[in-house]
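These protein sequence lines map, in sequence, to chains A and B. Residues in the first sequence are numbered from 42 upward in steps of one, following my numbering. Residues in the second sequence are numbered from 7 upward in steps of one, following my numbering.
Just so you know, these hints were derived from the structure itself, not from any lab. All residues carry an ideal CB built from backbone N, CA and C; glycine is no exception.
30 angstroms max Cα-Cα, derived DSS-like pairs, lysine-lysine:
#, chain 1, residue 1, chain 2, residue 2
1, B, K178, A, K308
2, A, K241, A, K215
3, B, K178, A, K143
4, A, K143, B, K253
5, B, K253, A, K308
Chain A regions said to be covered by chain B (calculated; three or more residues, Cβ under 8 angstroms):
#, region
6, 146–157
7, 200–209
8, 277–284
9, 288–301
If you want the building blocks of each chain, they are given just below.
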Amino acid sequence: MRVAAAIFVAAAAATVFAAAQRIAVLPMALAATNPTAEDVVSATDRVRNPGEPFRVTVTLTEYVGGAERSHDRLIVFSKEDRATRQFRNLIEYVEPPRDYGKKVLLDGQSLWFFDPASNLSIRISAQQRLIGQAAIGDVLTVNLAADYAPAVVGAETIQDATRKERTCWHLDLKAANSLAVYARVEYWVEQGTNYPIKGKFYSDSGRLLKILYYRAFSEQLGGIRPTEAVIIDAVDTSLATTVSFGDYRSQDIPEAWFQRDYLPHLKIP
Amino acid sequence: MSGQRRAAAAIVAILLSTAASATMSGEPPPASPENQDLELIPEAARQSPKASSTGAAPAQRIYVEDALTLSSRREALPVPVPPPPPFDWQDRLFLDVRREWSLGDAAQFHYSGRLNLRAENDISFPDHENLINDLREVYASFEPADRTFLEIGRINLKSGVALGFNPTDYFKSRAVVEPLSLDPSVLKEDRLGTLMLQAQEIFEHGALTAALAPAVRRPSPIYTNLDLPSFNPMLDRTNASTRVLLKGSFS
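Produce the complete structure using the sequences and hints provided.
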């Protein structure tokens with residue numbers, strides 16, 4: 042009982058202290074620049090996503106209990122839909138060999154999967170974006186501003202994936218429509234640069250599902266962008282995945298590519 | 007109650023003044039509890055992964071599978087086992103190949119087939135019973151204009167995703183080869199294509215597909231294990247009548 046009480050008091054004190062910190066820091070920070078939450082989310086979307094249709098090679102490495110277990114490589118074609126401000130994505134699996142040629146199309150609510158073995162495109166539930174350690178929803182290019190209603194929690198200094206101190210806006214994003222992969226997202230965006238630093242993703246029930254850190258910022262397609270992400274499974278913390286974004290290329294992507302009938306014909310040049 | 011409120015207010019005031027004095031005095035802020043999440047990153051994942059090869063892999067999937075079965079019979083049964091007697095040993099070897107060759111920028115050649123070898127103590131070798139090649143697909147595809155596709159050859163054209171009963175899967179009749187598994191999806195994957203000419207035009211928001219499958223052989227009786235040919239495309243199973251398919255889709 043004493044231990045429980047001590048933990049409660051410590052937790053309460055920590056909460057009050059954190060609140061006090063925010064109260065102390067927030068007015069100064071807000072007074073300095075005073076961006077709205079929407080501005081910050083839109084700005085960090087522009088950091089993560091090039092403003093033109095592009096192709097990127099995504100390498101996923103899964104770790105179980107600290108040891109590398111599997112390795113996947115995908116080619117992703119992304120193009121923003123000007124009407125919805127959301128990205129449409131085409132994915133082709135390159136590695137491992139058993140998955141070579143499998144393709145995924147996400148266009149709004151439509152999620153299609155093509156398997157060359159059956160030569161069929163199958164529509165799958167949009168909720169299946171959440172399946173797997175690094176869900177398709179994590180790999181796909183998304184504009185958070187289009188699907189979430191953000192609010193600024195406050196200014197915080199946290200360490201990034203390389204343990205470098207970053208002064209960030211702490212944002213709380215609530216799903217604003219059914220296209221949002223997660224019900225709630227906590228996001229940390231560095232002040233000034235708008236670099237995405239960290240994200241925490243929650244289920245509808247409020248359970249923490251994933252923790253994501255961005256790192257390895259470098260010049261890609263006309264802007265400094267994160268080229269790596271570390272995804273930690275918060276439900277089973279022995280699972281982690283690194284995602285590398287490389288070989289960015291500007292590419293004209295015809296509208297006709299974003300339909301299921303085109304999936305069998307998609308060839309990687 | 008009021009005493010508790012005063013105490014709580016005092017704690018908040020103390021904490022606020024502590025935070026303010028820490029900020030004012032320039033001391034580094036205490037470590038954020040968020041930093042504890044960094045401990046969850048595996049040691050092996052703390053460095054950038056090594057760059058992997060970006061060379062294009064060939065569009066192919068090849069696998070070999072072998073299964074050996076041994077059997078023995080109980081002796082002196084009150085009711086004897088009806089003839090023919092089962093095999094003493096059997097070995098099944100499969101070589102399954104799906105491969106695509108590029109014939110330039112706008113043309114490809116596709117092959118999909120499975121070579122089945124069945125060896126048994128009571129079957130001589132080679133024999134039509136132990137060597138069978140299932141020619142699932144062999145066709146050439148062209149893109150004469152942007153998003154206009156022509157394909158000619160033996161093609162597995164499937165419509166609809168249902169596995170059990172699928173009335174829109176027009177080219178399924180007699181196409182299934184010897185099933186290797188009870189998985190209903192295997193019936194859909196391991197089947198013979200139909201000799202046809204297929205044309206497809208993909209528009210910005212839709213596609214139009216036309217397929218012509220001519221009759222090239224007369225219908226034949228259903229095969230059994232005893233008369234299944236070894237190296238025969240068996241077009242009598244898939245092209246015994248002329249069929250035309252027109253399909254439009256919109257997105």
